[in-house]
Each structure stands twice: as C-alpha cells, then as structure tokens.
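Chains as they are written, first to last, in the numbering used here: chain H, 13 to 282; chain G, 396 to 808.
Accuracy of the hints is not assured; some may be wrong.
Covered, in the sense of this in silico footprint (three residues per stretch, anywhere, with C-beta under 8 angstroms from a C-beta of chain G), are these stretches of chain H [stated by the list, open to error]: (1) 54-66; (2) 122-129; (3) 229-238; (4) 244-252; (5) 255-264.
Calculated from the structure, these hints are not laboratory results. Computed from a predicted structure; not experimentally measured. Glycine is no exception: its CB is placed at the ideal position from the N, C-alpha and C atoms.
Listed here are the chains, written in short residue letters.
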Amino acid sequence: MKTKTPALPYVLWMIIFTVIPLALVAFYAITDPQGHFTIDYISQVGEYTPVLVRSIWLAAVSSVISLLIAYPLAFWISRRAWNHQRTMVMLVMLPMWMNFLLRTYAWMTILEKNGLINRFLGLFGIGPLELIYTPGAVVLGMIYNYLPAMILPLYSIMTKIPNSIIEAAQDLGCNTWDVLWKVLVPLTVPGISTGVIMVFVPSVSTFIISRMLGGGGNLLIGDLIELQFLGNAYNPNLGAAISLVLMVLILLCMSVTNQFGDEEKGEMLK
Amino acid sequence: MKKILMMGAAICLALGLSLPALAAVQVEDEAYYTRFKGQGKSINVHNWGEYIADGSDGYLDVVKEFEELTGIKVNYTTFSTNEEVYARLRNGGANYDILVPSDYMVARMIREGMLEKLDFDNLPNFKYIDESFHNPNFDPTNEYSVPYTWGTVGIIYNTMMVDEQDLGSWDLLWNAKYMKNILMFANPRDDFGIALKRLGYPMNPENPQQLQEALELLKEQKPLVQAYVMDEIFDKMIGGEAAIAPYYAGDAITMMQDNPDLGYFVPEEGTNRFVDAVVIPTCAQEKECAEMFINFLMEPEVAASNISYIGYSSPNNGALAIMPKEITGNKIAYPDDEVIAKTEGWIDLSPEMNLAVDAAWTELLSTDEQYSRWLIPIMMLVCIIMSITINVSRAYRKRRDRKYADQLPPRTR
Numbered sequence: 013m014k015t016k017t018p019a020l021p022y023v024l025w026m027i028i029f030t031v032i033p034l035a036l037v038a039f040y041a042i043t044d045p046q047g048h049f050t051i052d053y054i055s056q057v058g059e060y061t062p063v064l065v066r067s068i069w070l071a072a073v074s075s076v077i078s079l080l081i082a083y084p085l086a087f088w089i090s091r092r093a094w095n096h097q098r099t100m101v102m103l104v105m106l107p108m109w110m111n112f113l114l115r116t117y118a119w120m121t122i123l124e125k126n127g128l129i130n131r132f133l134g135l136f137g138i139g140p141l142e143l144i145y146t147p148g149a150v151v152l153g154m155i156y157n158y159l160p161a162m163i164l165p166l167y168s169i170m171t172k173i174p175n176s177i178i179e180a181a182q183d184l185g186c187n188t189w190d191v192l193w194k195v196l197v198p199l200t201v202p203g204i205s206t207g208v209i210m211v212f213v214p215s216v217s218t219f220i221i222s223r224m225l226g227g228g229g230n231l232l233i234g235d236l237i238e239l240q241f242l243g244n245a246y247n248p249n250l251g252a253a254i255s256l257v258l259m260v261l262i263l264l265c266m267s268v269t270n271q272f273g274d275e276e277k278g279e280m281l282k
Numbered sequence: 396m397k398k399i400l401m402m403g404a405a406i407c408l409a410l411g412l413s414l415p416a417l418a419a420v421q422v423e424d425e426a427y428y429t430r431f432k433g434q435g436k437s438i439n440v441h442n443w444g445e446y447i448a449d450g451s452d453g454y455l456d457v458v459k460e461f462e463e464l465t466g467i468k469v470n471y472t473t474f475s476t477n478e479e480v481y482a483r484l485r486n487g488g489a490n491y492d493i494l495v496p497s498d499y500m501v502a503r504m505i506r507e508g509m510l511e512k513l514d515f516d517n518l519p520n521f522k523y524i525d526e527s528f529h530n531p532n533f534d535p536t537n538e539y540s541v542p543y544t545w546g547t548v549g550i551i552y553n554t555m556m557v558d559e560q561d562l563g564s565w566d567l568l569w570n571a572k573y574m575k576n577i578l579m580f581a582n583p584r585d586d587f588g589i590a591l592k593r594l595g596y597p598m599n600p601e602n603p604q605q606l607q608e609a610l611e612l613l614k615e616q617k618p619l620v621q622a623y624v625m626d627e628i629f630d631k632m633i634g635g636e637a638a639i640a641p642y643y644a645g646d647a648i649t650m651m652q653d654n655p656d657l658g659y660f661v662p663e664e665g666t667n668r669f670v671d672a673v674v675i676p677t678c679a680q681e682k683e684c685a686e687m688f689i690n691f692l693m694e695p696e697v698a699a700s701n702i703s704y705i706g707y708s709s710p711n712n713g714a715l716a717i718m719p720k721e722i723t724g725n726k727i728a729y730p731d732d733e734v735i736a737k738t739e740g741w742i743d744l745s746p747e748m749n750l751a752v753d754a755a756w757t758e759l760l761s762t763d764e765q766y767s768r769w770l771i772p773i774m775m776l777v778c779i780i781m782s783i784t785i786n787v788s789r790a791y792r793k794r795r796d797r798k799y800a801d802q803l804p805p806r807t808r
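Please construct the entire structure, taking both the sequences and the accompanying hints into account.
Here is the structure:
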C-alpha cells in the first residue's frame, strides 16, 4: 500500500484526458477567439436562461419519476430468490445492449401520429392524440433510457438489507408505511442519491432525445452546446462557457450526493 | 472514336442500368491517369454520406474503378453536415485531400484560406462543366472548386392532405389550415432563406433588420410547425406523418417514388439553388493525386453513374448527354430556365452576420418564457457557495468526529 506506482497509469490517464480538457474548457470559456481574457461569453449564457431552466426542469421531473418507478421495482427484485434476481437484473440491463439511438428511434415509431399507440386507440375511435413532439415525450425518452441507471444502485443497496431487519421493525410495531420511511428509506439513501445523480446528470445534458422526441422546436442545453461546436457560427468559446455553467450545476449535485453518502457512514459509526 | 465510345456508353446506360459494372471506365488519356502507378500513393476523400456510386444497382463502383485505373489508394470517409467538416479542419489534425462542401462553406473556406488553388491544367475534363456553373458567386474567379452536383429547394406536399388552391407560394408554410402538419429544415440558413424570400428580401440577409423581420416571421410560424428535421423528412413524408415540407429537389424525387401521393412545386417567389463542389483543403498531402481524382469524377461516364445514384442534378454536360431522357427530362431535377432564373445561390455571410443568424436561430428554438438575465450568474454563485459550504462543513464534521472517536471508549455492539 505504501507505493503509489500501481496508480500511475490511471493518474496519467486522468491528467491527460480529464484534468487538461477541463482546464481547456475553463480557458475557452473566459477568453475570446484571439485568446484575450473576457467574461463576455459567461455573461452571454444569461441569454439562454429559458433553455437552461427548461433542461433542469425536464431532467428533474424524469429523475423523480424514475425514482418512483425504480424504488418499488428494486425492492421487489431484491426480495426474490437469488437466481430470479439475476434474471430480473438482466432484464433491466437488456435495453442497454441496444444502441441508444435505436431505442429512442423506436419511441418515435410508437408515439407518431400514425404510430402504434394512435393506431391502437384509433380502433376504439379515440384520437389521434398528440404524443410525439411534446415535453412529455422528451421526459419519457429520458426515463426510458436512464431508468436502468436508477434501478441498479437501488437494487445493489437493497440486496444488502436482510429480511430480518424488516421483520424486526414489524415486530416492534411498525406498519408498512413506517417500515418504508423509518427503516428502508434511511438505509437506502446512498442508493437513492447515486441513482438520482445517474439519471439527472445525463438527462440535463442530453441533446439527441430532445431532437428526436421533442421535434427540435425547443432546445435543451445539450442541443445548444452542440450548436456552438457543430453549428453555423462555430463559436467554441460560447459553447465552453455554457458547458462550464452546466459543470458547476453538476458539481453541486455531486457535493449534495457525497453529503448524503457521508452522513450515512457517520450514522453507522454512532 | 470518342463519339462511338460515348454512344456505346449511352446505349449501355439507356438499355437499363442493370448491366454489371465490371467493364472498366473508358478514359481518353490513360497516360494521365497511370503516371503514379506503383508508387504506393494514397488520398483521403471526405464526402457526404451516400454521395458517390458504390457499385450497387448496376452503377460503377467509382472508388474501386479509380484505384484500379491509377493505382492510388483511396481512403473514403463521410460526413453529414458542412459545419462538421469546417470544425474538423479548424481543430487541426485533419489530413483530407478531397472535400465536397456546399457553396456557402466553400466561400467561407476560401475567405479563411483553408483551400488550395486548383491547377486546371491537371483538370482537362473541366470542359464538360456547363458554362452556367463557371465562376459561381461562391468562387467568383473559379480557382478553388469544381461543381459536383446541384439542386433547388422546393415544397413537397401530400396531395391527399393539401388543397390544390393553396399551392404555388411559400405562403403554404404559413397556412394555419395545416397546423402541426408542416415540417421545417433543422438548419438556420434554409429556414431564414425561406422567410427572407417570402418577405421579398434576398435569401442571404444583408443587414440585421432583415434578419430580425425573418425571425419574427418564423416565430409566427412556429406554432404551426410539427418539427424541425433534416433526413427524418423522408420517413415523415413517405409515411404521411406530415403534409408539407420544404426540401431538396433530388430527395423529393426519391420520396415521390416511394409514395405516389406526394407532389412537388417550386414556389413562384423563387428559391435557392445550391451547389456542392469538390475542393482540396490546404492540409492535403497529395495534391496532384487529388486533382486526378477530381478529373476522374468529371469523366462523363463516372459523373453519369454518380448522379444517377445520388439523384441530384449534374452540372456535367458530358454526363447529361449519355444519361437516359427520363432522368434528364425530369422537370423537378432539371427545372425550366425561368425557374432557374429566379433562383439565388448561397454566399458566405460575414462573421458578424453568421453569429447573428445563429443567435436568431437559437432564439427561435428557445421557449418564450422570460427570465432575468441575472438568473444564471446568481444561480452559479449560489451553486458554488453551496458546494463549498457542504464540503467545508463535511471536512469540519469529520475532524470533530475523529476527535471524539479518539476520546470515547470503543463501543460494544
């Protein structure tokens, strides 16, 4: 343990591919194309507040819904027999074997005006409903794509809770609600916070889901960044400034998560 | 002799393009093409996706033919937007010998010194290029580029969903009757070009005032628009998901083959004529080999095969002469002169104008809700302060806990 040599490859990797790029993003964000210092680009980000607020809102909604779906499911899976659990986890992972774009593309076919849902509803004389190109469709796409990232951490922490703890709580007079709130939730806080981060962070910076399911009519922050680098005006400085704002936001999320994780350890100590 | 060869090729093509493309391309000057043979040279070609005949459907496999004829290896890669190519060149590290950007991007690259001048002595086949494509406005002295394909923008509509009396003008895209049945381009130049044309301005905005008016017009149209898309238009129009979409003529022909209910017209106000041109960037390593490739692309037989495969229009008179009448007589791909007379080409906008177009485009696609400009800086500040507070307080608590942990006797479980 004394020697640090085994960590050297990773340290090098991290410096070259994480630290230096981050420094470059920060550098681009506070300079103009000639390389002079300026905060114009950072303050320009203010003009895109509606886009940012919308991205955060949609990502937050999908995180909360994902949590509500994933929590009971993860608990249910963790109470099955071991070989059943393995099958269930594999089923959760299964969509991830498919390409991300393909999965989102499939939703387009389902939600379209002449898509599967509307054709089915048409049999009963309902619709056609406007399903695709709505904020709801974007949230659906985010949940569908990132739900496994919520289920897995929750599941892995729940398998570590023995049934005896729940039984003990019930013995001591807890009803189902109390078991959930006083025993399960406090014990699974690290899983919840990891899951929320794992859904929120990719959702807030996604750019292809909003284009495919949102119709490209309402940008999200990821689209905006993409537009700066691959768009007509080629404005990497503004793109870097927007990324920097996004990074600060994610930094906060991470700090909050660490906070929960630590408190958990602290409580266990006491 | 040449005439007989050409007629032979014409007959082959006319008799149905299903003949296997095994026969090597007949070229006039073989010595020109074989002079680098055996030297192990290679060129990097960067083209649009699906933009060269690849041996399918009985067309030539252009890259393979070129390699066999000249002994030069071709590394063929594709891109999907002009901006992508531009960003790749600007970031450095790219080493392409051949690019096929669109008109306005060619102009921008010329202005920024990113292109090599071509040596037209090495391009004898330039004689096949139609006069009207010489000295185009994106390359006024015609020193940097050779046109590859061209086309116009028009409106594709579903005859089952659109009334005939509504057709004829760009106004169709603003017709509230077709609410949520209209698709628009997902790129700013085409959308703003259409809006400017409808306002009676040139398609290349001349001042911020015109751009602002176009933005207002597009904002007014936004509630009617189902989605802003590019190649998704194929699926949407063929599947009847939308009724109206402006798109490129060559693609309109493809869509109409798949769905006979579709119609196409060029609005009376006039439209855009785009040209995709072959250029050599300054990062090219093998300029002469690249010029040889460009010359090969202009061989009538090769150009005819390419254009039949792509479905756009050809500027190459040699190719047009040997192509079947059904293709060259198609009014969508080769519109009448009076339609052409009303078209405009893209020019390169000034850097300021480019930024303004991008800003307007972002404004169009952002939600309308208004928030204070200060929200973001304040939010950032709050985020940073909160992060620091959380981390500092945690460090503090940890230290305190450690202190107590030392003092307290170990707990019994």
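The hints, checked one at a time:
Figure legend: the stretch 54-66 of chain H, annotated as covered by chain G; annotation consistent (12 residues with Cβ-Cβ distances under 8 angstroms, at least 3 required). With 3 residues having a Cβ less than 8 angstroms from any Cβ of chain G, the stretch 122-129 of chain H passes the three-residue criterion, so the hint holds. Check result for the stretch 229-238 of chain H against chain G: holds, 5 residues qualifying (beta carbon to beta carbon below 8 angstroms, three or more required). Residues of the stretch 244-252 of chain H lying with their CB closer than 8 angstroms to a CB of chain G number 4, which satisfies the three-residue condition for coverage.
Using a Cβ-Cβ cut-off of 8 angstroms, 5 residues of the stretch 255-264 of chain H lie near chain G, which meets the minimum of three, so the contact claim holds.
Consistency with the previously given hints is maintained throughout, with no hint failing.
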